[in-house]
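A.B. asks: Single-letter residue listing:
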Amino acid sequence: MIVDDEPDVNLSLKMVLEDKGFEVDAFDDPLVALENFRKRYYDLLILDIKMPGMNGFELYREIKKKDNKVKVCFLTAGEMYYGVYTDIFNENNQFIRKPIENEELIKRVNEMMSDAS
Amino acid sequence: MTSSPPSPGSSSYQRTDVLCGVDNVINAELQFFSSSKKRIDTCMNYTRPSLVIVLQSINKAFLDARSRGIKMRYLTEITADNIAYCKELITIVDELRHLDGIKGNFMLSESEYLAPVALFEKGKIASQIIYSNVKEIVDQHQYIFDTLWDKALSAEQRIREIEEGIEHHQTRFLEKPEEVTKELKHRIDAIGSGEWSICSTFYGLQRIYDDFYMQKSDPDSCTKINGTKWVGSIDKDNVGLVRILLGLGMKIKHTKNMSPMNFAVSPKEMFATIDEMKCDQMAKSLLISNEPLYVKHFNFIFEELWKNGVNVEDRIRQIEEGIDQANIEIIQNPEESIKRSHELIRSAKEEVLRIFSSVNAFRRQVRLGIMHLFKEIAENHGIKVRILLPATDDQQTMQIVNEETAALGLLPHEIAIKSVDKSTQTSIGILVVDRNESLIVETKDDTKGDPYDAAGLAVYSNSKPIAVSYASIFESLWKQSELYEQLKMHDRMQREFINIAAHELRTPIQPILGLTQILQHGVKDGYQLQLMDIVIRNAKRLQRLTEDILDVTKIESHSLHLNKEKFKMHEMILNSIADCKSQLKKGNDIKLELACDDIFVEADRARLNQVIMNLLSNAMKFNQEHGTITIRTQIVDNQIIVRIKDTGIGIDPEIFPRLFTKFVTKAETGGTGLGLFISKAIIEAHGGRIWAENGSTSNNGNERRGAIFTFTMPLNKEQEQQSSLQPQQDMGQIDHL
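Residue numbers (this note's numbering), protein chains in the order written: chain A, 2 to 118; chain B, 1357 to 2093.
These aren't lab readings, by the way, just hints derived from the structure by calculation. Computed from a predicted model, the values in this text were never measured in an experiment. Take the hints with a grain of salt, since some may be wrong.
Between beta-carbon pairs, the in silico distance windows are [said to hold, decoys possible]:
(1) L1875/B x N111/A: 20 to 26 Å
(2) R62/A x L1724/B: 42 to 48 Å
(3) N111/A x R1719/B: 54 to 60 Å
(4) L1887/B x N111/A: 27 to 33 Å
Note that CB positions come from ideal geometry on N, CA and C, so glycine has one too.
Kindly generate the complete structure, drawing on both the sequences and the hints.
C.D. replies: If you want it as structure tokens, here you go:
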């Protein structure tokens, strides 16, 4: 699942991943994404952080209530992190800095997917 | 009352008689002498000793009693007038003593009492006499005699004093109004001698002036009181009289710290009263003494008051200009100083400025009710209250203030509280009221919970210049606090801007790069591939520029943060080389001269990689074909030194001085011109240094001196030990085509 409020970013990431054989659901509204989330259906969440309505951390916090084991990777183009979200933050959280080249993206996604949960 | 003398030997018949007539008086005295068996004690005024010598019958009676072995003591007032008689009397009685001011006359034997009526005419015999053999009367008067006798001076001493002019030292306390008035007048008349120093309320001085100077028939003949000193409290109500007395020659000084007694002292005598002598009241009691110790003591007190007094001209000017004398008071007692601070606050008419020495001090004062007090004066009198507190380490000062004042509810808008930088924390609290009065309280021990234990000395002043100075310190800190808040807000806004700018600049590049790269895979046409390369290349260029500009913004707003981690330097260098190998020109090679197996560092890996990449990229860019890039690392004096040398054309002298500033670039080589500026900031943020130099000239006649870029980074001992210290080894060359 990819969630990013920028439709072009969503499209580009979805196309890159699908080109390499991944099955991708992309949403540009975090609330819609939350509504459509299904437990144990997604191997990886790629969430933008800065989004209107609900930021990536808040979205992940809500998703964790439905599925505690889902893996997450945060997309960020910004500089600041949200220190208040220490309940979901730990050193194992992955961050991808936008813009990222396709090759690097695939490499990172493969690494995350192959990590033991 | 009877006219006949008592019968001798009639001791069993106790009676008291009054005898009249001189003859009866003399007979009674003679009878008294002849009846006495053991002792005769005589107490007579200063006119009577002459009768003992001159009156034959009495003289004979004394001599007769003496011959019979009767012990005779005689008490009288020896004066210059009767001194001759007293000298003779000494030879008659067993002991003669002197006592000032004896008025009553009486004689006592072991069983009888005789008292001729007191008479002050010399040589005259009393016309009446009282006789009693009542035991109680005799015993009572014996007690009186003995008491007076014990207080008396020996005749010899008294005679010596009179003959040698030695003043007799005594201290008297007068309570009878007529005595007090008489003694005062006598001494005030002497004030004109200029010997006197007077400390009194102004009533006392007014009294003197009114009663004794104005009552003289010819005021112009008033004795000039040149030299006489007076110290007391001068205010606007008595300035007029001060000027008059100054005109009469009196020396005057002003003091606020009055003695509780009005007193006057000369070199030989002092007199004092505790009575205020207000309005028409005269002193009701008077202490007079010529005892040297008393005189010295009061002279000392006067001199201290005089020394610390204010010149009368200065005081008059202060009164005329409406300036009250400034006062500085040291308050030792913490209870008193805290009480004073509350009183000062209550007395405020316009403004209260308060600096607390620490947050603890604020808490202590809140418990004593200071915020209630501030609220009260603000709400009821519109007094403006401003409070400053030093910041706490965790920047939670205002939160603490809110917690401590929660019970008060909403504070009125007249009360403003700010925090200042922790570096301004001192050990004194400052209170300034209406910029007229100030109170400085020392914090003796800030760890104490009890305010009385925590507080030390306090200094109060009503000096306006001092209050204004403290107020100006307060204003300076207040302004600093406002600027600090503005800076913090500016800082926040700057960070916000960087965050937003980063997000908005980076986000569009993602779909440009990503989708173009996807398209590239699907396109076979060479021309289209070329066009996509251009798009991708420029997207990356835009990406680099975005990152560089964001880095510069962070550097200039001091927002550049390092995420330090431990890693191996050589490993990172090798990775960097691998990343930028595609930029190596034809025939170029890279030579490594590394210090040891590897160097362990703690630094921001990504940033350090950025520096290496930048320097390598520059070296590769400026190197000619078949050139060499040498990378050397060393450990020297707890520092790692990394040196990157190329064999290119060297650094253009024109740009050399500005090499590490922004936008320094040669047009033909391209680049943003920000790389070295950013590298310098990164290295310096790590505590290191970076510099550049041109290599030595002429390599085989060619101008291939090359450029050398060197940077250092500090290593701690642990890092140095971790790095294995094997001899420097040449790791060879990496050849690239």
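A.B. asks: Take the hints in turn and mark each one as holding or not.
C.D. replies: Status of the hints after comparison with the structure:
no.	hint	in the structure
1	L1875/B x N111/A: 20 to 26 Å	holds, 22 Å
2	R62/A x L1724/B: 42 to 48 Å	holds, 46 Å
3	N111/A x R1719/B: 54 to 60 Å	holds, 58 Å
4	L1887/B x N111/A: 27 to 33 Å	holds, 30 Å
Consistency note: the structure conflicts with none of the earlier hints.
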